[in-house]
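Novice: First to last, the sequence lines map onto chains A and B.
For the first sequence, UniProt numbering assigns the number 1 to the initial residue and increments by one for each residue that follows.
For the second sequence, UniProt numbering assigns the number 1 to the initial residue and increments by one for each residue that follows.
In case anyone wonders, no lab produced these hints; they're calculated from the structure.
Please note that a few of the clues may not be correct.
Repeated chains share a single entry, so a pair holds when one copy, or any two copies, can fit it.
As a list, the in silico DMTMM-like pairs of lysine to aspartate or glutamate whose alpha-carbon atoms are at most 25 Å apart [claimed, not checked]:
(1) Lys-60 - Glu-2
(2) Lys-81 - Asp-59
(3) Lys-81 - Asp-63
(4) Lys-43 - Glu-70
There are 2 protein chains.
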Amino acid sequence: MESAIGVLVSQFKAYAGSDGSSDTLSRDEFHRLVTSELPTFVKNAADPAAIDQLMSSLDKNNDGELNFMEFWQLIGHLASKHGGFGQ
Amino acid sequence: MESAIGVLVSQFKAYAGSDGSSDTLSRDEFHRLVTSELPTFVKNAADPAAIDQLMSSLDKNNDGELNFMEFWQLIGHLASKHGGFGQ
Numbered sequence: 001m002e003s004a005i006g007v008l009v010s011q012f013k014a015y016a017g018s019d020g021s022s023d024t025l026s027r028d029e030f031h032r033l034v035t036s037e038l039p040t041f042v043k044n045a046a047d048p049a050a051i052d053q054l055m056s057s058l059d060k061n062n063d064g065e066l067n068f069m070e071f072w073q074l075i076g077h078l079a080s081k082h083g084g085f086g087q
Numbered sequence: 001m002e003s004a005i006g007v008l009v010s011q012f013k014a015y016a017g018s019d020g021s022s023d024t025l026s027r028d029e030f031h032r033l034v035t036s037e038l039p040t041f042v043k044n045a046a047d048p049a050a051i052d053q054l055m056s057s058l059d060k061n062n063d064g065e066l067n068f069m070e071f072w073q074l075i076g077h078l079a080s081k082h083g084g085f086g087q
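So that you can see chain A by itself, here it is in the shape it has in the complex:
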């Protein structure tokens, strides 16, 4: 379980580090991450407008960037759905 958590952290950092703040995902970084890493878990992952909408819904402090915990909420919901927990 610790190694799986480590993978998620590393992958977040790899995308977050490509431009601007290395600890947050910009719009472009988030698009790349969703398209490449979450193509089946995120509905309409190929639709840029859907990804923009998803990002807005996650960006609780409205700064145009997703920090790690904002991103973690997304994958928690995806994981919950994937696991059939119905939340």
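Start from chain A and add chain B according to the hints.
Specialist: Below, chain B alone, put in the same frame as chain A:
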């Protein structure tokens, strides 16, 4: 990334399914999961009292069981700490 998420879901289910509700972690299940799967990420993972205290802090609805999203908050905080995000 999707496979790492899948691992976390499967492992949660494996522990949650051992007694009582198969979708939630009882106190005993949580102790086994932390001791076996999170021995380095959770501080004092070998101390039962520390794990009890951790469980109480996560069990937001105070039902004595951790559901998947309650558990997800814990690993999010562990992941954030592991990644050095300082939250």
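Novice: Now, for every hint given, state plainly whether the structure supports it.
Specialist: Evaluated hints:
Taking identical chains as interchangeable, the C-alpha atoms of Lys-60 and Glu-2 lie at most 25 Å apart only when they sit on different chains, with a minimum of 24 Å there against 27 Å within one chain. Proximity of Lys-81 and Asp-59 under a CA criterion of 25 Å is satisfied in both settings, with 20 Å inside one chain copy and 20 Å between copies. In this assembly of identical chains, Lys-81 and Asp-63 lie within 25 Å of each other by CA distance solely across copies; the values are 22 Å between and 27 Å within a copy. With identical chains, the CA atoms of Lys-43 and Glu-70 are at most 25 Å apart both within one copy (18 Å) and between copies (24 Å).
Hint violations for this structure: none, all hints satisfied.
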